[in-house]
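Model the full assembly from the supplied sequences, consistent with the hints where possible.
As you go down the protein sequences, you meet chains D and Y in turn.
Position 4 of the first sequence, counted from 1, bears residue number 4 in the numbering used here, the numbering being contiguous throughout.
The numbering used here runs 1000 ahead of the 1-based position in the second sequence.
Hints may be right or wrong, so weigh each one.
[Said to hold, decoys possible] Within a straight-line C-alpha distance of at most 20 Å, the following computed DMTMM-like cross-link-like pairs (lysine to aspartate or glutamate) qualify:
(1) Lys208/D with Glu1779/Y
(2) Lys208/D with Asp1419/Y
(3) Lys1439/Y with Asp197/D
(4) Lys208/D with Glu1783/Y
[What the hints assert, rightly or not] Pulled a few chain D residues facing chain Y out of the computed Cβ check, cut under 8 Å:
(5) Gly46
(6) Pro52
(7) Glu54
(8) Leu59
(9) Met84
(10) Ala88
(11) Ala92
(12) Trp107
(13) Arg161
(14) Thr180
(15) Ala207
(16) Lys208
(17) Ile210
(18) Ala211
(19) Pro213
For the record, the hints were derived by calculation from the structure and aren't laboratory data.
The structure presented is a predicted model; accordingly, all values stated were derived computationally and were not measured.
Ideal placement from N, C-alpha and C gives every residue a C-beta, glycine not left out.
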Amino acid sequence: MTSFAFSLADQPLRALPSGALYWPEQNLLCVADLHLGKSARLARRGGSLLPPYEVAETLTRLDADIAATAPKTVVCLGDSFDDMHSAAALDASHRQWLLRLMAGRDWIWIAGNHDPAPLDLGGSDRAELRLGPLCFRHIAEPGAAGEISGHYHPKARLASRARPCFVLGRNRLILPAYGTYTGGLWCNDPTIATLIDAPALAILTGAKAIAFPLTGATA
Amino acid sequence: MLPAPLLHWFDSRGWSLHPHQEAMLSAAGQPATLLIAPTGGGKTLAGFLPTLAELGAKPGPGLHTLYISPLKALAADIRRNLSTPIEGAGLAIRVEDRTGDTTYTQRRRQRADPPHILLTTPESLALLLSYEDAPRIFAGLQRVIVDEIHALAESKRGDQLMLQLARLQTLAPGLRRVGLSATVEDPPALAQFLAPTGCDILTADPGPEPDIQMLHTAEPPPWAGGGAHYALPAILKQVEAHRTTLIFHNTRAQAELFFHALWLQNSNNLPIGIHHGSLSREQRERVEAAMVAGSLRAIVCTGSLDLGIDWGDVDLVIQVGAPKNVKRLVQRIGRANHRYNAPSKALLVPANRFEVVECVAALEAVQAHALDGEARGPGPLDVLCQHLLATAAAGPFDADQLFTEVRTAGPYATLSRADFDACLDFTATGGYALRAYDKWQRLMLRGGKWGLRDPRSAAVIRQNLGTIIDTETLKVRMKNRMGGTPLGEVEESFAATLTTGDTFLIGGQIVRYEGIRDLTVEVSRSPGKTPKVAVFNGTKFATSTLLADRVLRLFQQTDWPNLPAHTAHWLALQRQHSQLPEPGRLLVETFPHEGREYLVLYGFAGRNAQQTLGLLVTKRMEDEGLAPLGFVATDYATMIWGLDPVLTPHSLLRPDNLRDGLETWLGGNAVMKRTFRNAATIAGLIERQNQGRRKSGRQATFSSDILYDTLRRFDPDHLLLHITRTEAMRGMVDFGRIEEMLTRINDSIDLRALPRVSPLAFPLMLERGRVPVDGKAVERLLEEEAAKLMAEIGLADPA
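So, in structure tokens, the structure goes:
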């Protein structure tokens, strides 16, 4: 088993090594912060001309996770696109690819700070999603319970290797950014650390999801 | 002819010109001249004499001479030195410097009304040339002086500077070039670098032989380590016996530790200062001022004082730690005794016993006048990409004309049109196989000329000029209500390892880490005596292959009367417990140490080749399931560590099929990623991190490794990957040489399976610059580490 099994609000969940979350009971796959169209957005604004391959790379991994889990529902936890224009300007072949992945599933786009408005791609657009005892939203809210969010792109260091990671507290889970062109925030940064109540675990992504207690992390 | 007031002033001081200074005056009309003179030979004045002669007593307006030095401090120093004769003779010549430290107002004024002589650095010149008014500023430029050109020619800064000279020559066709150099091994190559169409070479009298010896101490140097603290009493005695002593160290961290230890033993309170590149500007300026005033008896320093800064009356140079390169040693020795006819006096202080051997080898090389140096390849393309962007920032250019101009720069004399066009395509469109940015190109062809699509991008281009890639650093300040005294900076990766209460050395004092606020490390004074060492980004020098060969030859002696007894004893111990490496054979040692299995290969092939060997052997270990974790390469050996012992190294060292799968393995290596990051930053793909951007949120920026991996996967023929491969190969030596070495030794492998680390391997354990290996062992290690931490808090691994 390469994923890490745990439970939040008594719901058994699995952190996949890719950075996606799987909820077996609901057959639901959740990914955060895809930031599709980031390179095109930077170029448009006169910045660096980054390799224009992050959409294909991100969709390849998402495709593989969907193929492996065959989910009934897919939740994209916000910042799926780097801005609203990126969604509209999606390359035709990438749009086809995304529509193929969406076909036959409940696909939920949670609004993020980069893509706050509804998307013109089908599926349903929500500010947040409540399902049983769990709540899916883009940015964690203080005091929430059973909450699954993204936004902060957490990363952690173990044995002097840094990787994107899930951060799990008693009441909430923060997902790593799934998109290719995304940086990270150390999970012991006060912004994240103050949100997470002990005992906190970091779950590293990579070839295998590896969990370790955050008190032992040097970030 | 020099202006009469200046001649008169020289006479009044009893000065007369050296023959090479006269020669420079006679050669004033030549389009290009390279002057090779020892430090202290009045080299810089020689460079300026033609300028002073041409400007005369009543110079007209406009920029006449541009002086470029590799160091900001050197520019400021030359301004002081040049002012003395100019003011003394009452000449109306305006001299100003312009560096990163010059204020905004002054820089603006300099553009509007340039001085007669402008002293600057390659980076500041790049910035000046990127402004729209560059043609006006430089239109009347007559002369350009490149000081310490031997140092600039060793790096991309020199390549960039030569492109800038080509630009200047177009703006000012009458421009004449002067290069000033310390003694080098290949003067014609340097002349070719400065001016490929023809350059006179003038060589000054090298002066008397230097007086250079090893420092004799009562106590022997330790087995390993870089501190040389054993020699402190002897060094203090030398400082007392001389007027001013420069104490050179190879790294900043060593300089800090040494300075701290020196003060603890400095019972006579001799005034001794410290100077290195990680200290705050205020701190450095204070030491520089004290030095000029002659109020310091010694300065503990690093390469930041390497180049010919003239700070008072230095009569002794002490080199702590083995000189890694004979040429640099000779140049450092030249700092002592600035009087032309007196021999330079220098002492070598080896820090450990391995370095004793290196010091003896270096002394013999100096006596034999054997200088080392490696030829550099053609001008790198990432620097050309940056030059194209900077040129576009100044105004639209014609591609054909610019190509012709670029080929007049020494390092780019053989540049192909195809490579030039690839660089142009990269800067304009990104150069991707997927033509994604036709609408959002960075440069657009309008009316036959290439210019910026969006003029606002000029600001971003200017912010990213330069070829020096800094590691990310954080400022260090004393914590107090008033904001605190700035002390210097440390690498961000070092700061990340600190927890409150940790102590480290900076600016010669021990400080206690309090926390990080606003990207500044806050510290308090600490009364402690044993600090945690600060890991500064001090330059790590590679020993030249010339020295490595000499060291190997020394090892072959049956006994060592030319070495101090302690070192001879250490080598005898190695012979007793293992054996000494022999030419034509390969000594291989294996031993366990602190839970890791070590493998040491004594190839004596120089650091680059040993690094390549490390990559090759770890690849084979990975294939054989031997779980390598990392390696470190020195000039003499490669040390590899992993989770499993290597019992039969022979299969790892087979010369056949060396290249199988190598491309993939190399591609994923940290060395390649680091090389890519530097090339991508210089070429303008990645923007430099500035403090403001970092503050506004690190999530927005992501690792260049991601770009590298993406390009390898989707666009393996991209220009930047070509640049990365070329550069990495240059830095790691071609495989041909390794294949040849492995074929030559064939079965001549001496395997020593030892119970513990050998005397010779011991210093390697402390070597920095470790290269991690990203194989299966990493996952194993991460899992083990995680399981350990989980167990500590009472959580079992659910798997």
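Quick rundown of the hints versus the structure:
1. For the hint linking Lys208/D to Glu1779/Y, the alpha-carbon distance of about 8 Å falls within 20 Å, and the restraint holds.
2. Restraint check for Lys208/D and Asp1419/Y: not satisfied, since their Cα atoms lie roughly 42 Å apart, outside the 20 Å limit.
3. Using a Cα cut-off of 20 Å, the hinted pair Lys1439/Y and Asp197/D is violated, with the two alpha carbons roughly 48 Å apart.
4. A C-alpha spacing of about 9 Å is found between Lys208/D and Glu1783/Y, which places the hinted pair at or below 20 Å, so the restraint holds.
5. Because the beta carbon of Gly46/D sits about 4 Å from the nearest beta carbon in chain Y, less than 8 Å, this interface hint is met.
6. Among the interface hints, the one on Pro52/D holds; its C-beta lies about 4 Å from the nearest C-beta in chain Y, closer than the 8 Å criterion.
7. For Glu54/D, the suggested interface contact is upheld, since its CB lies about 7 Å from the closest CB of chain Y, less than 8 Å.
8. Among the interface hints, the one on Leu59/D is violated; its C-beta lies about 12 Å from the nearest C-beta in chain Y, farther than the 8 Å criterion.
9. At a threshold of 8 Å, the smallest CB-CB gap from Met84/D to chain Y is about 17 Å, leaving the interface hint violated.
10. With a cut of 8 Å, the hint placing Ala88/D at the interface with chain Y is violated, because the nearest CB-to-CB distance is about 14 Å.
11. About 13 Å separates the beta-carbon of Ala92/D from the nearest beta-carbon of chain Y, more than 8 Å, and the hint is not met.
12. Given hint, Trp107/D at the interface with chain Y, is violated; its Cβ is 25 Å from that chain's nearest Cβ, farther than 8 Å.
13. Against a cut-off of 8 Å between C-beta atoms, the interface hint on Arg161/D holds, since the closest Cβ of chain Y lies about 6 Å away.
14. For Thr180/D, the suggested interface contact is upheld, since its CB lies about 6 Å from the closest CB of chain Y, less than 8 Å.
15. With a cut of 8 Å, the hint placing Ala207/D at the interface with chain Y holds, because the nearest CB-to-CB distance is about 5 Å.
16. Interface hint status for Lys208/D: upheld, as the beta-carbon distance to the closest one in chain Y is roughly 6 Å, under 8 Å.
17. For Ile210/D, the interface hint holds, the least distance from its beta-carbon to any beta-carbon of chain Y being 5 Å, beneath 8 Å.
18. For the restraint placing Ala211/D at the interface with chain Y, the shortest Cβ-Cβ distance is roughly 6 Å, inside the 8 Å limit, so the hint holds.
19. A hinted interface residue such as Pro213/D counts as satisfied when its beta carbon comes closer than 8 Å to some beta carbon of chain Y; here the least separation is about 5 Å, so the hint holds.
Hint compliance for this structure: hints 2, 3, 8, 9, 10, 11 and 12 are broken, all remaining hints hold.
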